[in-house]
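Student: Read off the chains here:
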Amino acid sequence: MTTAPVPTPRPPADETLRSALAVRARPRRPNALSASLTHGWRTLTKFRNSPAQLIDIVLMPVVFLLMFTYLFGGAFAGSTREYLQFFLPGILVMTVVLMTVYTGTALNTDITKGIFDRFRTLPFWQPATIVGNLLGDVVRYTIALTITTGLGLLLGFRPAAGVTGVLLTMLLLILFGFSVGWIFAALGVVVRSPESVSGTSMIVMFPLIFTSNVFVQTATMPGWMQAVVSVNPVSHATTAARGLMHGTATAGQLGLVLATCAALIAVFAPLTMYLYRNKNQR
Amino acid sequence: MDSPSSAAIETSGLVKVFGGTRAVDGVDLRVPAGMVYGLLGPNGAGKTTTIRMLATLLRPDSGTARVFGHDVVREPDAVRSRVSLTGQFASVDENLTGAENLVLLARLLGHSWGRSRSRAAELLEAFGLTEAANRQTRTFSGGMRRRLDIAASIVVTPDLVFLDEPTTGLDPRSRNQVWEIVRALVAAGTTVLLTTQYLDEADQLADRIAVVDHGKVIAEGTSGELKSSVGSGAVHVRLADAARRPDAEQVLAKTLDAAVHLESDPVALSARVSDPERVAHALVELSRTGIAVTDFSLSQPSLDEVFLALTGRPAENTDTAATEEAA
Chain A
1 MTTAPVPTPR
11 PPADETLRSA
21 LAVRARPRRP
31 NALSASLTHG
41 WRTLTKFRNS
51 PAQLIDIVLM
61 PVVFLLMFTY
71 LFGGAFAGST
81 REYLQFFLPG
91 ILVMTVVLMT
101 VYTGTALNTD
111 ITKGIFDRFR
121 TLPFWQPATI
131 VGNLLGDVVR
141 YTIALTITTG
151 LGLLLGFRPA
161 AGVTGVLLTM
171 LLLILFGFSV
181 GWIFAALGVV
191 VRSPESVSGT
201 SMIVMFPLIF
211 TSNVFVQTAT
221 MPGWMQAVVS
231 VNPVSHATTA
241 ARGLMHGTAT
251 AGQLGLVLAT
261 CAALIAVFAP
271 LTMYLYRNKN
281 QR
Chain B
1 MDSPSSAAIE
11 TSGLVKVFGG
21 TRAVDGVDLR
31 VPAGMVYGLL
41 GPNGAGKTTT
51 IRMLATLLRP
61 DSGTARVFGH
71 DVVREPDAVR
81 SRVSLTGQFA
91 SVDENLTGAE
101 NLVLLARLLG
111 HSWGRSRSRA
121 AELLEAFGLT
131 EAANRQTRTF
141 SGGMRRRLDI
151 AASIVVTPDL
161 VFLDEPTTGL
171 DPRSRNQVWE
181 IVRALVAAGT
191 TVLLTTQYLD
201 EADQLADRIA
211 VVDHGKVIAE
221 GTSGELKSSV
231 GSGAVHVRLA
241 DAARRPDAEQ
251 VLAKTLDAAV
261 HLESDPVALS
271 ARVSDPERVA
281 HALVELSRTG
291 IAVTDFSLSQ
301 PSLDEVFLAL
311 TGRPAENTDT
321 AATEEAA
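Line order of the protein sequences matches chains A and B. With full-length UniProt numbering, the residue at position 9 of the first sequence is 9, and numbering never jumps. With full-length UniProt numbering, the residue at position 174 of the second sequence is 174, and numbering never jumps.
Isolated chain A (complex conformation) (with noise of 0.2 Å):
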């Protein structure tokens, strides 16, 4: 960012460092929340520090907005405008599965740079520094996908169930996003760099999206590829995020997503506190 000549530190005043000093008054440890919301804050302020991540989260959704809409759409779906009603939703699912990914790398940040230690020597409710994480998360992909569903609004994204139907999307995708990130959490912990987490999901990501109904309707697939698609999750989220912006979502399809989450995060949740706890002290 900014790159000005560093102002000449001036030594410690003995005065004010001595005063500094005498503070030995420890305040009471944090409750879990606490320290969970302080943890929050601080990815929330990296985020606002450099407002650049902004762009490089809403940049692929937008550019595959436009592109499928306007490439494929009228291929796929007779007109871009009939496309855009069906894409709109999927688009969602995407940008919130791969901003999961951001977990990940900077919890990995945190481990391999030192402030791990730093944390890892204070008596606050260890666990915080990864719900915190999530937490922080939770605001951006709440940004992301307003900023997505904005501009499908105005390329002509119509839901029938209206301004309740894009809220209760948001809230089921965001759930989803916090419930997907926990495995990025736990790998996050357990590989050398930031760089690997971002290159082992890329491996998995783009499989795991495009195997989906997020850019097609399943009954188009050969047989062996709709059993496929009907597997994997993020076709469950699609379909419900389809059913929720349009009015047509059944218990079954929201039960699906919301049974996924809660499986997400009873496996992933416990193990990668269990990784966390034991980093490194073998």
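Simulated from the structure, these hints should not be mistaken for lab results. Each hint should be verified, as a subset may be incorrect.
Computed Cβ-Cβ distance ranges for the label pairs, DEER-style [as the list claims (entries may be wrong)]:
id	chain 1	residue 1	chain 2	residue 2	range
1	A	R18	B	S12	28 to 38 Å
2	B	M35	A	I203	47 to 57 Å
3	A	R18	B	M35	17 to 27 Å
4	A	V138	B	D171	55 to 65 Å
5	A	E195	B	D28	41 to 51 Å
6	A	T142	B	D171	42 to 52 Å
7	A	R26	B	G169	28 to 38 Å
8	A	R18	B	R74	30 to 40 Å
Chain B residues, not near chain A, derived (Cβ > 10 Å throughout) [claimed, not checked]:
id	residue
9	P32
10	N95
11	E100
12	L104
13	H111
14	L123
15	E125
16	Q136
17	A268
Keep in mind that this is a model prediction, so the values were computed, not measured. Glycine included, every Cβ here is placed at the ideal spot set by N, Cα and C.
Position chain B relative to chain A; hints supplied.
Tutor: Relative to chain A, chain B alone:
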């Protein structure tokens, strides 16, 4: 026997093995509260591994370690509430500003938002970082980063601070600032355990020093004790007139009863001293013989010489082990 409360750190037979390397190989330390204690040794000697165990970041493979009487394995939270660690690599968040980093830690220690902000401002002022308060720390110089890092360790002034090579890579001015901070910390009642590979740093700061090599403590004591265990110092003489050097050599050899070394500088000579009392006598003899002396000094042996005497080799870094310790 000392009461247990008077020791900040007590370890017994502490061992940590990485792969096949015994990074820490049976370390016994006793660090009394209220002093600066130096762990001196080359890279890879096991200093960092030792303090990571003491700071509850690594589990010892065997042996015990107590910090203010609390076992580091069984009571990590009790230890964590008394200590803080400033690692070898600055452990601040590069994407946060100086102030935000300190607010973060103050919050995690349990301060309110308001108190966290005022504490951050107070510390930035004390460490001469006020101008940099609102800059992201990745724009900080090495010295500023180091000071912020130490400030982060004393958001709540702890009873024991671990400083892992606090001045490595700093310019002399920043190094002096860090030294001032360490002295102020001890004056405020905090015990400091610092690791260093700089002999003069241990000499300047530490009340007691443990010399560490290959995971073992090979000598322990005050810097004076370590030096005298190697032998006393040397006397260095400079003459006004180079022509008188042979006479001076004779006088010194006789009065000090030691071999006199002729320096490459034609007016300088030096001799090892076994008995410091003879030094005064040597000066009197020189003056009585009419040899004009411009400089006459008695030096203690340097810690470099101590290290050489203890290990049989100079204090060089053992590069093979350096990677182990960084791991």
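Student: Tell me, which hint numbers fail for this structure?
Tutor: 4, 10, 11, 12, 13, 14, 15 and 16
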